[in-house]
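Student: Residues per chain are reported as follows:
Protein chains: 2
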Amino acid sequence: MPLPKIENMAPLPMKIIGCGRYMPRRVVTNEELEARCELPAGWIETKTGVRERRWVERDESSTFMGAMAAREALDDAGIAPADIDLIMNASGSPPRALPDGGHLIQRELGLGRSGIPCMTVHTTCLSFVTGLNVAANFLATGQRETILIVTSDISSRSLDFSQPESAILLGDGAAACVVTRAPEGDGSALERYHQVGLGDGADLTTLRGMGTTWPPNDPDTPPEYNLFYMDGLGIAAMLRGAFTSFLETLTAGLSRADVAAVVPHQANAYALRALRRYGFPEGRIAKTLDRFGNCVAASIPLTLYEVIREGRISQGDRVLLLGAGAGLCIGGILLTY
Amino acid sequence: MPLPKIENMAPLPMKIIGCGRYMPRRVVTNEELEARCELPAGWIETKTGVRERRWVERDESSTFMGAMAAREALDDAGIAPADIDLIMNASGSPPRALPDGGHLIQRELGLGRSGIPCMTVHTTCLSFVTGLNVAANFLATGQRETILIVTSDISSRSLDFSQPESAILLGDGAAACVVTRAPEGDGSALERYHQVGLGDGADLTTLRGMGTTWPPNDPDTPPEYNLFYMDGLGIAAMLRGAFTSFLETLTAGLSRADVAAVVPHQANAYALRALRRYGFPEGRIAKTLDRFGNCVAASIPLTLYEVIREGRISQGDRVLLLGAGAGLCIGGILLTY
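Line by line, the protein sequences give chains P and S.
Heads up: the first sequence runs through residues 4 to 340, numbered per this note's numbering.
Heads up: the second sequence runs through residues 4 to 340, numbered per this note's numbering.
Just so you know, the hints here were simulated from the structure itself, not pulled from any lab data.
A portion of the hints provided could be inaccurate.
Unchecked claim - Derived, one-sided and incomplete: chain P residues facing chain S with beta-carbon distance under 10 Å: (1) 13; (2) 97; (3) 99; (4) 100; (5) 103; (6) 120; (7) 136; (8) 160; (9) 190; (10) 209; (11) 217; (12) 219; (13) 247; (14) 262.
Said to hold, decoys possible - Residues from chain S that keep clear of chain P, each with C-beta distances beyond 12 Å, as calculated: (15) 75; (16) 116; (17) 188; (18) 206; (19) 311.
Glycine included, C-beta positions come from ideal geometry on N, C-alpha and C.
Isolated chain P (complex conformation):
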């Protein structure tokens, strides 16, 4: 069934031909964090829905994780690394200030003299959604044919344990996918993309440091500015109305039953429950929050990875990727897989 156009866009033919994932070895249990943050036993799971998460050890850099996920995605696609014509890093956290993470992943993949162009796209938790849309545009104009998108996030090294609300929620992880133009008649496409920016909420989810305003070596930079800060209630208040109209736009003319899978950002249990209130059956809402926590931009692709690997979607199925994050920013994609 043809859907009405939103934001003037025509469907962009695009096919996910491979995906990969890397999760850090170390499992961090709620017991460990409840002891560290002096919280009552069971508090974390009740409050957030997270049972455990993974945190990197020293040898698991963001670039290492991204390259591991990328190798699996390339193997899955059955293509050689040299056949990629763009490496896109779409992560919420940078490995270093410069160069951008795309070039570091290129080097880690042994492609550091290949010439393959690299770039980074950043919209915090929605970086993968934004990156996938950029990729679909490149494929549609014919500028690129085979794009590797890598999302790798580490938040465990910037947690503020005096603010358990976020410290107990966040995890590390990476995922990657290879996308290409869908052949004529194939039907796979990025059908719709919708993003809403609400910069007035910039201070509700933030890491003020690690940039030019509060540089690390400036003695005026408070050490807590180098840590993640989140005001959960403030975010919920600001997003409430905006998310409803965002979702109406993204799903206009589409019945909930037509969506084979919803792959949301794994923000927290509250956000996942809200999707049920919007009419999506629980069995179609993909969930990794319990095992991996909120992995920033990596949450959506690492959850999509499971949905694909477990055979929960088939070619031609409609899939929604969506979420909200720092910015504040709300974004989503309607895919025909």
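Assemble chain S onto chain P, guided by the hints.
Tutor: Showing chain S alone in chain P's frame:
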């Protein structure tokens, strides 16, 4: 060295309808820096071609500069801020780790509840070139109609004065432009885009800190990792052959006389002289290095701003934007203005 196949791309109709710039108030002279770095008088100009540069004062944040440049660009285009349908931050340095700079600029422009989507594109010194290409793709598929691209960079707060080679070279500044789809028959277009990634050179121009590998609060992070590092000779050695074949690809079939203006990244005097050796007449190579130094990603758009304001290009003229930067990365665009 094998380069990726040339983006056999069709021209993407795109028109620059407004531009703006903001340069910090404070002029930093060579005399001041020669005293600070204990260098002989006249050494800096001879070595780099820079006579002076601007460095921000405390009230001139990257977001403030970007918004000032954006306001001029919007006025120049004769459009209201609310008529933009995407705000793209395309800078080499972030204002903070998160949210991304696009949302911060949106808020600074008084658009923080407008819903206008925001995003960040990062390829260090070539961020504007990469961002302009992403914008052209969005316009070509019809996904966006009027895009504000903002580049704002501050390097003066991350300089290593024990390494004068880079400390004397870098300046701060911001530039912005508004792009839209060129009307049928107009002729303005992004004709070609070419980018080459060489991640094996990642450590030749780098800022290792301000990311997840060496976070600011980690006692193992050496303070110098929070400062800019550059190995000029190493970069020159790695780029030499690659730049030649890059330029051959970008200008294939085009005579030097057909290019009305070359707007290069203002890397240093050596890089600008090299362009003359490639056959471009000196009078067509736009230069701001002497007055503003190397302003990271802002160099290309703030130099383009002068070329446009001074009436050195007219509609239909061919313009080359190009450069090399951290990554290592070489990139360029051939525009019909």
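Student: Could you tell me which of the hints above the structure violates, numbers in ascending order?
Tutor: Those not satisfied are hints 9, 13, 14, 16, 18.
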